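The listed protein sequences derive, respectively, from chains A and B.
Under this note's numbering, the first sequence has 384 at position 384, and the numbering climbs by one with no breaks.
Under this note's numbering, the second sequence has 13 at position 13, and the numbering climbs by one with no breaks.
Treat the hints with care, since some could be wrong.
[Claimed, not checked] Below 20 Å or equal to it, Euclidean Cα-Cα: the simulated SDA-like pairs (lysine to any residue) are:
| hint | chain 1 | residue 1 | chain 2 | residue 2 |
| --- | --- | --- | --- | --- |
| 1 | A | Lys153 | B | Ser89 |
| 2 | A | Lys153 | B | Gln70 |
| 3 | A | Lys153 | B | His23 |
| 4 | A | Lys153 | B | His22 |
| 5 | A | Lys153 | A | Pro43 |
| 6 | A | Lys153 | B | Ala50 |
| 7 | A | Lys153 | B | His19 |
| 8 | A | Lys153 | B | Arg69 |
Derived by calculation from the structure, the hints in this document are not laboratory data.
Because the structure is a prediction, the values reported are computed rather than measured.
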Amino acid sequence: MTSIPPSLEESYSYNRKVLSYIHLAAERGVYEIRGLGAKRQVPTFDDLVFLTGSASRYPLEGYREKCQTKTVLGTRHAQQPIELSIPITIAGMSFGSISANCKEAIGRAATEMGTSTTTGDGGMTPEERQSSKTLIYQCLPSRYGSDPDDMRKAEGIEIVIGQGAKPGGGGVLLGHKMSARVADMRTLPEGIDQRSACRHPDWTGADDLAIKIGELREITDWQVPIYVKIGATRVKDDVKLVVKAGADVVVLDGMQAGTAATQQVFIEHTGLPTLPAVRLAVEALDEMNMMGKVQLIVSGGIRSGADVAKVLALGADAVAIGQGVLMALGCNSATWTKGQQQIDASPDYASLGVRPGYCHHCHTGLCPVGVTTQDAELEQRLDPAWGARRLKNYLQVMNLELTTLARACGKSNVHHLEPEDLVALTVEAAAMAKVPLAGTDWIPGAQTQNV
Amino acid sequence: MDPVKEFDLSKSTVREVNHFLHHQLQGNGAERIEILNPDGGHSIAVGLDAPVEVHIRGHAGYYAAGMNRQAQVTLYGNVGCGVAENLMSGTVWVKGSASTCAGASARGGLLVIEGSAASRCGISLKGGDIVVGGDVGHVSGFMAQAGRMLSCGDAGPGLGDSLFEAVIYVRGTLGGLGADAQQEPMTEDDVAQVESLLQQADLEYDPRQFKRVASARTLYHWNADVEQEY
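Could you build the full structure based on these sequences and the hints that come with them?
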């Protein structure tokens, strides 16, 4: 066995990563800002597996027996609830954080798959309205580009209280991305580092929120559903408050959610991972007797059809994806596509001091594959038609994986998946998801029955 | 067709009134809408988009005339939080005083408050004009991006915190400036701007008595050497 001499022993508390952080802080005097989501390891949906059909339960045939994926959102108060073909929606991402081509690609893919897209900080662009059949209009603390006409053009409204990547924090868009068009939409000086408010300008607290929801309903004549999005922190209290305030749909964004730019300390050190957050939200709805009346959309690190199936089994009605969308459009790919050609993007990654597969430099606006940029030259690297095809494929695969798992569990509708279909591979995941540890009937933390 | 249409909110609902204002003005011939007994109700006359006169005879609650476009709305009483929030165009005129967040994120139009406005008046202002006959409360003009806000009385502490390109004029005392806000000399252009705002609000003061507050622009870029209060 090789021994490590004391002179080469790395400190656990002050290891190379921590040293690098301290050295950078000492050099720059400002905190680290970056894009995408948490990189630290947290309990995920990978820690759950399905107990599919066997002798005690029979599965459905993959090619012959239907499995429904239709998803209806906003049935509580809206005259026109939203009907989607699949339970996988596209999360809010602003024009500014991503390019206009990117917005168009997302709209086209979502429309082809029968699902919804969402605006973002900065308002609605004509590209996304034109390309998206079902578009949710976000009402954010910044109110950049907030316009009642755009609101009335949307199929739903989402009041954003917080985001999973930065619950309690406001939006950030660094000067490189504050192009003339973005600045004009947001009524800000071109090129400035935008720091947005973390609280809404015209309401504070749940009592006010109820009145705000009432105002938006009046402006839109009670036609469209009103979602409320929260970052996952005190999930049970927050879900109960927004439901009491009158939300039709709760959007719950877990810790692994992405962002265009925020302080790294937010990304890595705030909020609940999505896994425990889902269960807490479902419990809150259940305790209010609101299951099936108020719908729950979960986002934050949803990557695959398996993740979707597990979130639905834990009680959600739908998911929203953001980072996966960007990756389907080429984020972190080594190449970008020009016609039939694959162009090497490695030199552009290298100029950012990173390699494909590790990039989180959305905040710089210098995205090597043209996704998270406002640079006139870089944004041409994403062709909307090419991007739409890729994203449609990704959504299609996720949906196929979802129905595959649902059929294997004997479900003819993906919304029939249930916690009883799941077990956990780790004690932590069992405690958080409140399903038994695999091979046992033990749910850590659950009340034991008196024998 | 009667050019005056009257609603009594002790008999009708806010929803009925707003529905009429959104969908039944055209072809109805009504040019002036009278709303009686508002009794502090919320969201009265929100989301209008027509060149119509609306008179609300009494006190109104939250978000009166919110997101207004084109209409001339007059409120004969005090108003709750967020009057004329996200005002796009037209005029909202409050005969009494306003609670918090008056004219929040307004993008155009004119909001006149004859009395005083509470905290966060003109928060996130994006291009409209706000004229307050009396005082404005603390942190008014917070993160205001564009447009003009004028107070003929005193301003509370934290005025213009994190201002962008909006300009604030105050006739009385400044209770304290927020981060990155600074008092600047009044130019002849400022005097003309104040004169114009006062005229639009039927107020008679000497424009040269006003102070100008605007952004020092030190927070426009992340900078380790700037005081890190933000």
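Unsatisfied constraints (hint numbers, rising)
Going through the list in order, the structure violates hint 5 alone and respects the others.
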